[in-house]
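If you're matching them up, the sequences are chains A and B in order.
Quick note: the first sequence, position 13, residue 13 per this note's numbering, numbers continuous.
Quick note: the second sequence, position 507, residue 507 per this note's numbering, numbers continuous.
Don't read these hints as lab results, they were simulated from the structure.
Bear in mind the structure is a predicted one, so any value in this text is a computation, not a measurement.
Hints are supplied without guarantee of correctness; some may be wrong.
Below, simulated DMTMM-like cross-link-like pairs (lysine to aspartate or glutamate); rule was C-alpha separation at most 25 Å, straight line [unchecked claim]:
1. Lys50(B) to Glu137(B)
2. Lys665(B) to Glu23(A)
3. Lys121(A) to Glu117(B)
4. Lys546(B) to Asp96(A)
5. Lys121(A) to Glu556(B)
6. Lys123(A) to Glu556(B)
7. Lys619(B) to Glu17(A)
8. Lys619(B) to Glu23(A)
9. Lys469(B) to Glu28(A)
10. Lys2(A) to Asp563(B)
11. Lys546(B) to Glu38(A)
12. Lys628(B) to Asp8(A)
13. Lys121(A) to Asp563(B)
14. Lys628(B) to Glu67(A)
15. Lys628(B) to Glu46(A)
16. Lys123(A) to Glu540(B)
17. Lys665(B) to Glu17(A)
18. Lys138(B) to Asp96(A)
19. Lys2(A) to Glu117(B)
20. Lys704(B) to Glu749(B)
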Amino acid sequence: MKILVVDDEVDVRVLFEQRFRREIRSGEFSFSFAYSGEEALNYLHEHVSEVVLILSDINMPGMSGLELLRHIREEYPGPPVPPTPQVMMITAYGDDTSRQQAMQLGANDFLTKPVDFAALKSKLISLENHEN
Amino acid sequence: MNRLHLLLLAGLWLLCQIACAQSDSTTQQLWQQLRHHPQADTSRVNLLNKLADYDIHKGSISFARRDSLAVQALQLAQRLDDFYGQAYACYNLATSSDYALKKQVQAKLLQALPLAERSGNKPLLIRILSLLAFFSEKQGLGYSQRAIAVARALGSPVLLKRSYQNQADYFANIEGNNYLALQATLQELPVAQQTHMPVEEVDALGDVAERYMAVNDYPQALLYLQQALGKAKTLAPSPQARYQKGWLLYDLGECNLLMGHYAQAQVAYQRALPFADQASTIMQRRRGLADVYERQRNPKALAYARQLMQELQQPPYAEQLWRTRSQVCLTLGRYYLRTRQADSAVYYSRYALHMAQASTAKEPLRDALQLMAQAYAQQKDYAQAYAYQNRYLGLKDTLSNEQTARQVTAIRFTQDLARQKGQIALLTRNQQLQAEAARRQRLLLLAALAVLTLIGGLVFVLARNNRLKQRANLLLEQQKAELQVQRDQTTQALTDLRATQAQLIQKEKMASLGELTAGIAHEIQNPLNFVNNFADVSAELVAELKEAQAAGDTEEVVALAEDLGQNLGKIHQHGQRASSIVRGMLEHSRASTGERQPTDLNTLADEYLRLAYHGLRAKDKSFNAELKTNFAPGLPLVEAVSQDLGRVLLNLFNNAFYAVQLRQKQGEPGYQPTITVSTKQLNQQVQIRVADNGTGIRDAVREKIFQPFFTTKPTGEGTGLGLSLSYDIITKGHGGTLAVESEAGQGTEFIITLPI
């Protein structure tokens, strides 16, 4: 299962690669990283059919996570024609307004920082099972 | 147009109304009085003149007799120095002259004119002027205007109405301009209404209708005729009323005929007939009927018209009524043309042409030429038909050209009139101004009087006050004591105020700190996130390392150890990041020590820029801005109080973000909020520039921004102390300068300059 992580903090890459080292090694998950909304969109334009899940931060300079989400939902409206990826939003501000806004824009889940990786892992695994 | 003969005969038909029926008996009475009054005095002059005047209408006395009466009156009046009598006699002599001898009539009237003026008798003067208008060619207009002016000055609506009527006749018959005539008649109408005499009103309404017919505006004419006839019903029976009704009905017939309403025209002519008392008017109305019959193709048309023609060829008409005869011939001609008896058609149209040439009216002539052309065409004599058709078209063109010319003249006249009115208005205005000036002078005088009175009153009061002064002195002592108390209170208030000001400054500090808090939270959250997660994952890695060691997988052990090392580095790095933020916050909130320390401006600026940005983002998550930094490498350290300087920077950043946010909300397409922070070394100075592309500051506002308590933010959002404090910190605290450059709608740049 291919997962795209979008965050302006570069260290997120190291963190994810270590957190999911077993799953990466077994080929269960594969991660790609983008450090801004714009970069994420560019990546999607080339790899949309591969990416199953997007994990995106909300607060980023330039295009915010919510804007990215809106773009994704507009460009890939889903079945029957282009496949639409699942999108989970991650933010340091876990307030209700952000959550509602994200859900309205079509987010599949909403996580708050600090990220609970154990919970995230189980979510991913259940998602993968569902996919299969 | 049919009324001219009357006017020409009477000059003014002023007396016509009274005359008519009674005139015979009146004349008798006058003769009798004359016989019983042989004394050579003004009464006799008057009697002679009246007789000469009255006779005109009935024609019961010969022209020679009237002439002799007038001559007698003139001679007697001259002997008596009776100007009125002389003028009246001259006027009578003029009216008893042959009107064909225009010069003679004019001479008599010009003789009468100065006499009438000297006599001061205005009605007679008006009669003379009105008649003069008809015998003076184009100068007639001047006389006519004078008649109107005299009548107006006299304040007599009846005479004024007649003067307008007279002018209309002048325009129509002397100048041949029916449009001007219409205008004069339209002025006649309201004056007639002012007389409150139904006879005059009916008369004026009829006039307007006839003038409209003359300019071919038949619907309008019809409207006025109906109005006139309606009003005529209210008239008490009298010969005059009878006469008027007859004319109105005849005009109604004419108007309907010209509009092609033949049935209505027939009814009108028939109704007009019994009102006609004179043979000529009877013939005119019957002529109308004949025309209507022909146009309706009534079988009796021919017989009726022929009968009329026969009567017209006999005395007393044989050498009169040219126009009527021409029109009857036209009717007959049309009949024969219609029944295709070309020879007879040619005969009658030729006859009509002959008659029309004898009359002065051009319309019958035009119609006759047209009929000739048509008749010859029917006879297949195309050469003749062509010749007449050409003449017809020529005349028609002339008539329509004349019409255009008349309209142009009419317009010009109206403009002249308007200009004159304008001049009059100007004069009136001048008068008003003078009156106003006089009024003002009076007011001034009154005001001066009032002031004098006041001064008098004042002197009295002052004298009184002087007596009261002693008592007042006593009072003053008391007041002095009170003042002392008040001064103490004021001093206390000032102290309080200073305390409040100090509190306010502290409040401003706290306010900016409050704005920071949210940014700080976010800034700390991120590094903590990493610290926690790297610690967790490191614990896992350690477990794995142990497993690998047990399994003897050296390669894996090395890889895991490397990762662990890397993680420790990350934990340290993010921990440092968090503590630096906390330190910054503490420094900011702590009261300034006022101690200067070597400070790295680049680091300070970067730190506060991030804090301010995240602080704003915490409040408005949709907000984004591009942050550009252009820090000079190797910038020397500056001796500064970093908390104070940080506060200044924070303040400038907050303002910059506020400005770009405001501009972004205006919804300008393609707008990218940008904040640029740059540092630079100049000789013995260091410069920090904070630039934004926000809403900018207007010139009027720019002068005030460093004043305490000045803010452009909505109430409750800004303390108005930020920039004021910043200014003090930079200038007084650090010996530097704080300057601003801004263009409304473009952006703002604050420039801090500090000495090294």
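Of the numbered hints stated previously, which ones are contradicted by the structure, given in increasing order? 1, 2, 3, 4, 6, 7, 8, 9, 11, 15, 17, 18, 19
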